[in-house]
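S.K.: Spelled out from the first residue to the last, the chains are:
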Amino acid sequence: MDGIADMGGTQGWGPAHPPRGDEPVFAEPWQGRAFALFLLSVRVSGQNIDASRHAQERLDAGAYLDDGYYGRWLNTAELMLTESAILAPGAINARARKLRGDDVGEPPAPDPARSDYAPTGPGSLRTVDTAPAFAVGERVRARDYSPPGHTRLPGYLRGHTGVVALIQPAAVLPDTNAHFQGENPQYVYSVRFGSGELWGADAEPFAVTAELYESYLETTS
Amino acid sequence: MTTTSEPGGRPSPALRTEALEQLLTERGLIDPKAINEIVTTYETNVGPLNGARVVARAWTDPQYRQRLLEDGTAAIKELGFSGRQGEHIVVVENTATSHNVVVCTLCSCYPWPVLGLPPSWYKDPAYRARMVREPRTVLAEMGLRLAGDVHITVRDSTSEVRWLVLPERPAGTEHLTEEELVPLVSRDAMVGVAKVAAP
Chain R
2 MDGIADMGGT QGWGPAHPPR GDEPVFAEPW QGRAFALFLL SVRVSGQNID ASRHAQERLD
62 AGAYLDDGYY GRWLNTAELM LTESAILAPG AINARARKLR GDDVGEPPAP DPARSDYAPT
122 GPGSLRTVDT APAFAVGERV RARDYSPPGH TRLPGYLRGH TGVVALIQPA AVLPDTNAHF
182 QGENPQYVYS VRFGSGELWG ADAEPFAVTA ELYESYLETT S
Chain F
273 MTTTSEPGGR PSPALRTEAL EQLLTERGLI DPKAINEIVT TYETNVGPLN GARVVARAWT
333 DPQYRQRLLE DGTAAIKELG FSGRQGEHIV VVENTATSHN VVVCTLCSCY PWPVLGLPPS
393 WYKDPAYRAR MVREPRTVLA EMGLRLAGDV HITVRDSTSE VRWLVLPERP AGTEHLTEEE
453 LVPLVSRDAM VGVAKVAAP
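Going line by line, the protein sequences match chains R and F. According to our numbering, the first sequence is numbered sequentially starting from 2. According to our numbering, the second sequence is numbered sequentially starting from 273.
No lab work stands behind these hints, which were simulated from the structure alone. Among the clues, some could well be false.
The calculated lysine to aspartate or glutamate pairs, modelled on EDC-like cross-linking and capped at a C-alpha distance of 20 Å, are [what the hints assert, rightly or not]:
1. F:Lys-349 x F:Glu-365
2. R:Lys-99 x F:Asp-421
3. F:Lys-395 x R:Glu-29
4. F:Lys-305 x F:Glu-293
5. F:Lys-349 x F:Glu-446
6. F:Lys-395 x R:Asp-176
7. F:Lys-395 x F:Glu-446
8. F:Lys-349 x F:Glu-413
9. F:Lys-467 x F:Glu-406
10. F:Lys-395 x R:Asp-104
11. F:Lys-395 x R:Asp-117
12. F:Lys-395 x F:Glu-406
13. F:Lys-395 x F:Glu-365
14. F:Lys-395 x R:Asp-61
15. R:Lys-99 x F:Glu-298
16. F:Lys-305 x R:Asp-203
17. F:Lys-395 x F:Asp-333
18. F:Lys-467 x F:Glu-450
19. F:Lys-395 x F:Glu-413
20. F:Lys-395 x F:Asp-421
21. F:Lys-467 x F:Glu-365
22. F:Lys-305 x F:Asp-333
23. F:Lys-349 x F:Glu-359
24. F:Lys-349 x F:Glu-450
25. F:Lys-467 x F:Glu-452
26. F:Lys-349 x F:Asp-333
27. F:Lys-467 x R:Glu-24
28. F:Lys-395 x R:Asp-3
29. F:Lys-305 x F:Glu-315
30. F:Lys-467 x R:Glu-29
The structure displayed is predicted, hence computed values, not measured ones.
One chain only, chain R, in its complex shape:
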């Protein structure tokens, strides 16, 4: 989908920030707990890593940006837990307002509607019986499409031509796994794109590599 998360090449974000050597892992205690609650909520809500990324990219821009990185994870956990009916919509805010002393009622816990998803193995790497469709050095084009659901094909690469630099191990396809429509494991290719191909002749000279799943690619001939 073309959501707030697909930031590559977008403009209007201001300058980059120089690194600080003394940055704590979690600037505030709630951030560490929100991070942990997110990881635990993936399991509690019966999701997988791809579904969790899809939940995150479906946040509205405010929920994605306003509370920073760990606020984003907290909001993603809320979305996963309400969609699987572990929590009622508004349950977190109601409890939070109660915690600060507001006189509010809380919605009753719904009947959970977890997916019956189960992975075929740990992690995302899988073995496939077929040979890779593309070879190192081959020119390939990233498909030019905007699927309505989850994809890991960034918008700024769609329709552009690059060269296969590395063949990576086969892995679960996020596009279907995020929607519990099967793992569809396939080879992943590190494809090298020239900056001129992506941004035009006036671009800084550099190259980008991205890991693209086999079904994201087509031949150029």
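Starting from the known structure of chain R, arrange chain F on it as the hints suggest.
M.R.: This is chain F only, laid out in the frame that chain R set:
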């Protein structure tokens, strides 16, 4: 997730986090001890010191360096580092003429087993958006000015593959031991937004 106005204002993320923890705990869906374990793990056990050990070993052991560049995941595991967000790690070498820098434009994918959780600048929209469009400018804003003849390759982490940069060993460190080199290796150099400086 709430953007509508409410009496007293929207609860803070800190309060919302506490609320979520209560709601899941009181229904027995999570054990609060599991939260503490995760927080402790990423605050103290998993961090850029792991990656620094990998780099220092590669700088002092040519055979390890070769294994690291050929199969990063396995060579990193030799030093005991593996786990979440480290299923398949590819290591690339920065040299005087070739510079790699890592980004995740779609979220903030990062090689947790060797670098820990990402720093704020890595998660910043400006970094995620602009690194694939004008890396030389972004690196300069971050304090790294690269010579004009240096080839830049930006590594956008769009799958579960994770990238680790093997920085260039600084001149004047030939006499240092592996243990003495470890503290020189910065997180920033292992992402590719800085170089390692001699002490």
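S.K.: All hints are to be evaluated individually against the structure, with a verdict given for each.
M.R.: Do the hints match the structure? See the list:
no., hint, verdict
1, F:Lys-349 x F:Glu-365, "holds, 18 Å"
2, R:Lys-99 x F:Asp-421, "violated, 60 Å"
3, F:Lys-395 x R:Glu-29, "holds, 16 Å"
4, F:Lys-305 x F:Glu-293, "holds, 11 Å"
5, F:Lys-349 x F:Glu-446, "violated, 26 Å"
6, F:Lys-395 x R:Asp-176, "violated, 23 Å"
7, F:Lys-395 x F:Glu-446, "violated, 35 Å"
8, F:Lys-349 x F:Glu-413, "violated, 34 Å"
9, F:Lys-467 x F:Glu-406, "holds, 19 Å"
10, F:Lys-395 x R:Asp-104, "violated, 37 Å"
11, F:Lys-395 x R:Asp-117, "violated, 32 Å"
12, F:Lys-395 x F:Glu-406, "holds, 17 Å"
13, F:Lys-395 x F:Glu-365, "violated, 23 Å"
14, F:Lys-395 x R:Asp-61, "holds, 17 Å"
15, R:Lys-99 x F:Glu-298, "holds, 15 Å"
16, F:Lys-305 x R:Asp-203, "violated, 54 Å"
17, F:Lys-395 x F:Asp-333, "violated, 33 Å"
18, F:Lys-467 x F:Glu-450, "holds, 18 Å"
19, F:Lys-395 x F:Glu-413, "holds, 16 Å"
20, F:Lys-395 x F:Asp-421, "violated, 28 Å"
21, F:Lys-467 x F:Glu-365, "holds, 12 Å"
22, F:Lys-305 x F:Asp-333, "violated, 40 Å"
23, F:Lys-349 x F:Glu-359, "holds, 10 Å"
24, F:Lys-349 x F:Glu-450, "holds, 18 Å"
25, F:Lys-467 x F:Glu-452, "holds, 17 Å"
26, F:Lys-349 x F:Asp-333, "holds, 16 Å"
27, F:Lys-467 x R:Glu-24, "holds, 18 Å"
28, F:Lys-395 x R:Asp-3, "holds, 19 Å"
29, F:Lys-305 x F:Glu-315, "holds, 15 Å"
30, F:Lys-467 x R:Glu-29, "violated, 29 Å"
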